[in-house]
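Chain by chain, the residues run as shown.
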Amino acid sequence: MDAIPEDREIKALKHSNPLLQDINNRLSGLLWDTRDGQKKLRPRVKIVDYHHIIGRLESFQEFPQLLDPILAGCMENLTSAFSVYLSMEDGESEPASDAEDRVTVNTLAALGQLLYVWMKVRGPKVVLRFLYNDPKWLEPMLGVFEQTSKLIGKTDKSADVLNDVVEEIFEGAPKPKAEDKSGLPWHLRYVTLMWISHLLYTPFDLVTIGDEPAGKPPTPLVKVPALPQGTPEIARRALNVACCNIHSPGKDREGASATIVRLVVRKDIYGCLLDWFVDWVATIIDLCVKGNLREDDKGVAYVYFLMGLLGALSGIFASGERSIVGQPNLLQKVYDNIIRELYTDESGLVAQNAMLRKTLCKLLRNISYLYLPPSGQGETQDGPPEEVEEMIDQLLRLLDDRDSLVRYAASKSLSLVALRLAAADRSQIFEAVIDLYDSDVLYPNRALTKLDPKKRHQKDLSQVSVHLWHGLTLTVATFLRFHAATVQMLPKVLDCIITALTFEQRKATFATGGNVRDAACYAAWSLARNYKTEEMMAEEPAPPHSEDVSLPQLLALELVDAACLDPIGNIRRGASAALQELVGRHPNMIQDGISLVQAVDYSAVALRSRASTEVASKAAVLGGACYWGGLINGLVDDWRGIGLQDSVGRIVAGKGIGALSKIGILDLNKRQEVWNISKNIIKRYGTGASLDIEVRHGSWYALADTIFSLINELEKANPKLLVEILSEMREKTGVFEIFDNVKPRDFVHPVLKPEMTCEAAAYLVTALSDAAKIMSPHIEMRVAAMSAFADGIFPEGVTNEHILQAIHKSLIDYSVDSRGDVGSWARIEAIRAVLSLHTLHPLDIHTPDSTSLKIFHKIIGLTAEKLDRVRLKACDAVWKLTAQEPQWAIIFNGITAESNFWVNWDDYFETTVKILSLQSVRESYLEGYATSAGAGSDSVMRSSTRAMQKYMSGLPPYPTSDGGVALSDIVQSWIAIVEKAIAVSDDRVVVPALAMLGGWFESGLMEKLDGGEFRFQGLFSLTQKAHFKSSNVAKLSGAVKIYNGLASIKSTRTSSVKKLVSMLLHPFPKIRTAVSETLYLIISLEGGQEDAEVLLMDTNWVDQPKELKATVEEIKGLLGI
Amino acid sequence: MLSILRKARLKDKEMRVLMLGLDNAGKTTIVKQIMHEDVNTVSPTLGFIIKTIEYQGYKLNIWDVGGQKTLRSYWRNYFEKTDALIWVVDATDRFRLEDCKEELHGLLLEERLMGASLLVFANKSDVKGCMSTDDIKEGLKLDEIVTHKWTILRCSAMTGENLIEGLDWVVTDAKERLFLY
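Protein chains in written order, with UniProt numbering: chain R, 1 to 1121; chain A, 1 to 181.
Worth double-checking, as some hints may not be accurate.
What follows is a list of derived Cβ distance ranges for each label pair [said to hold, decoys possible]:
#1 R/18 - A/52: 33 to 41 angstroms
#2 A/56 - R/637: 44 to 52 angstroms
#3 A/147 - R/29: 51 to 59 angstroms
#4 A/135 - R/546: 55 to 63 angstroms
#5 R/223 - A/168: 55 to 63 angstroms
#6 A/168 - R/29: 40 to 48 angstroms
The calculated lysine-lysine pairs, modelled on DSS-like cross-linking and capped at a C-alpha distance of 30 angstroms, are [stated by the list, open to error]:
#7 R/412 - A/51
#8 R/120 - A/81
#9 A/81 - R/14
#10 R/679 - R/743
#11 R/866 - R/950
#12 R/683 - R/670
#13 R/412 - A/175
#14 A/51 - R/532
These aren't lab readings, by the way, just hints derived from the structure by calculation. Glycine included, C-beta positions come from ideal geometry on N, C-alpha and C.
The whole structure should be built from the sequences, with the hints applied where relevant.
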């Protein structure tokens, strides 16, 4: 898994200015009408503009601080609009017409949502600071609930419109029931309640603000116990409004809780309401935690109701003054009647709801604080009170919660409570946390088995709770952040961190533990940051870790592995950050720390494919190669490597192993280690019942990549060393025998994931055959690989590029050793492989540039092969491959498996040469023809040359209107082949090709082209180029034949004769003689040059060239050149 | 994890400050002086060292990066990005002022450092005949910098002159930018 690119944040920063301006500008226009030069609030706002602003705001969700420059301005706009709306006289909010209904919404409703989005993005606490705090607004705010119909028309559909919008934009926002509430959208309710809670901070007694009862107060659905006598009217109204929303499933419930909190902790109110509220909560607890009811008779769901009440209760104890909310009697009442009941949770309500448990974590923290002395004011003498111990116990238990948000909350509460304890008590808790790591860990039975010390400490984590480990690691991280672990505990702590860094648990279809490792990075980072070097160096690592390695170095080793190998991008980044901190905070403690940090850098580890190859390679050579072993073994043994569940990951791991093996062999002098690792890789996937198909897939990739990376590095630079290494690998690892245990059904049986096996096998076969080619005695390997394919190990319909590439390579295998053309075995097997493939999945011979088309072309070339076996096999293949192709019908017309065609070479060549009539394959055929033209047995040579000349002589010189093939087409194609072969100095083709051309001149074919478009001059230059500085006699002879032919063509006559004359001084006597004979023939045919004829005849051309110089000059003079 | 840490950093008012400059400019000595450590035992910094300075309730995590290494690796990591840059100039080193300018301007082009404010310390002000801040401002072409908020202060790592004022500027700037609300 790759991490998100780093530049998102930068982009946000870069482009934020115009976006912010846009929000700012549009907001004013949306709310205010300034047409008459007067600023007037619009009663309704346009939905389109409104959505636009919301969308823009949402885009800042991840980078909320970027909003700060416009925060004050926007808040000013929103709050003043809100207040203006509330102050409008009756009747100003006329009901909207139908048309307006669709394109506009009520301004107040819109303001509610805008403020909500601001709170969501920037945080409610920040936004609240900008809301009016003048108590005169309290009544109008209450009015939003009490006089709704005056503010928003009864028939107004804004709420629906907004709720719809909301559903699109914010996932999970609960939609209130249609008949519910007063037509107020939930955002507006939430925002207004939050505002009310903010206004309740007012230092003035509420009685002074107003003491009128509400005109038409809404009636809460829940049963609210009678309020104590003397509760001020405003308090009653606020409480009433809050109670209307306290059981809501939506966010508005939180607003209601906040209102209750602010109200109850007020100096002028707590006397009336604090006990009253606690009793009310206890009553509801009685009903729903002890009882079995899930909702009351009006359909109020207890789970939300309780959540609202507990939220308020927790808030009251968090923010009330200690002298008020910390009274022992009150605390005891809460603890006994509420908290203990929540532990017991008779009805299971708490167990069923994560939010409730999260609220509980907070409540436990706030109550614990009050049981303990205020922070910084002395410590408890004899440990914390029993209640606190119980609460800590509960929190430890909640670390194992199945919901991560509860674990986060529990871990946070636990750490914060611990911070308030005396140092000794604090380390006790920390020890408890560390000890919990051991629950459900299975160790090997030490008494029965004689295990080596390393294995004795091997932990089996398959039974431990992932949740618990996550919760524990989070807590460890927080504790370390507060320096809450004693130095003596560090070895144990480090062991926990290291184990957590590699924690993974397989489930049927997925792996878990990413969150544990993520938390472990945080813990490692906290440890590095908050402990001094002396502290880190004071202790030695606990077994099983070696004592020779210091704690920081041990951590560094593990962090490098995590940063390079973890499958999850953010964990790699987290580990890289922790490593940076470790190196930077503890100078000179980490081997090659500085270079390590530079190699394993934030952006380098973002892509997995890069992290476990390039980055790992860079790290592997540092610190005396101390990181190499961990990295390569991580890729082999671990769940992070070739045993990964996703195939892409395994392939990447294979690449990493290849790269690290290469470094191990070539740079770090670790050949033996690499061979041992390779053997392990082969052993790892098991056999028979224990066979792990996924691991085998990864293993084969790893072995193949080891071979490929060695070949890439050494093939050109040091082939001798390469052969030596590959031979050693063959001998020491047995990789070349790897397919011995593979059963054919592995490639076909659907349950065994044949497509995966096939893909990996193809890759490894390619690698092995490449390796075998390099260690040339092992042609048998390549042949065996191809036979494997040919013998039908392909599962139904599976082909892939690796297989095709491997086949293609084998088709052009022309290896020769003492036994002769051993490459032909590979060629034959490759052809068989193609046919085998074709029967299952017709070969695509039409897609341009595809490997399958290239294969087809190579086989066509092989139909002109010199070796009978290959040629026949190839022709058989072409015959079968083209059975369904109409244009091929002309060629194989009437041929059956029994035809004479297969045994009579004349027949054979006369038939196959017709392939030349197919333009698309002409060149392929000619290439094959050229490759074998100069070789083969005499009878075959004769048959093929005869067939070719016969065929060509029947062709028109130039294309005619019938569109058929012409002589010029073939000559042109042939010349193209010669050109190509000259460019790569492939004499195997050039020599016979020139001879062939010479032959065509001799048989008069070429002359037919004279007077047409064919450029003989071009052929002349090409011939010159072909034998330039060559000492190949056969090639030179071929060239002389061509010059001979060219001399009979008008346009090239002079240049050819000139060329031939100059060749009279060629260093080779044989050539000089041949040239003199050729020239004689030319001149005598032309006539009128008797003197020159005599000179050519009479001179002994075997003499030394310098003695011949004078004669040649004379001939030049006579011929006038 | 990331969000927890970011929140915690905000709450603890933590900042990441990158301290850079040519070698021998006196970066490590400045850190040591601020932390009241012995300033007479400074040897060239290889790589980098992280130190935390607490100042006015803010935690400044100073990344003191060895002179010749202006490598990208230190500019940010998963948990933190750079909030402020302190560029230390050796005010006695007229020769390399041009180099110093090139380095600085090259650095400011880096995207990873966007949004970080820049404090230039003209160090070694206690040495006679050193350049004035105006000379350095001119030499480093500071007036051309528009991408980053910047200031320049003369200072002395040996006497401690202006070091606290420098921190002050960094913290005040952070208050306005990072910890606004």
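Status of the hints after comparison with the structure:
no., hint, result
1, R/18 - A/52: 33 to 41 angstroms, "holds (37 angstroms)"
2, A/56 - R/637: 44 to 52 angstroms, "holds (51 angstroms)"
3, A/147 - R/29: 51 to 59 angstroms, "violated (31 angstroms)"
4, A/135 - R/546: 55 to 63 angstroms, "holds (57 angstroms)"
5, R/223 - A/168: 55 to 63 angstroms, "holds (59 angstroms)"
6, A/168 - R/29: 40 to 48 angstroms, "holds (42 angstroms)"
7, R/412 - A/51, "holds (26 angstroms)"
8, R/120 - A/81, "holds (24 angstroms)"
9, A/81 - R/14, "holds (15 angstroms)"
10, R/679 - R/743, "holds (20 angstroms)"
11, R/866 - R/950, "holds (19 angstroms)"
12, R/683 - R/670, "holds (20 angstroms)"
13, R/412 - A/175, "holds (27 angstroms)"
14, A/51 - R/532, "holds (11 angstroms)"
Against the hints set out earlier in the document, a violation occurs for number 3 only.
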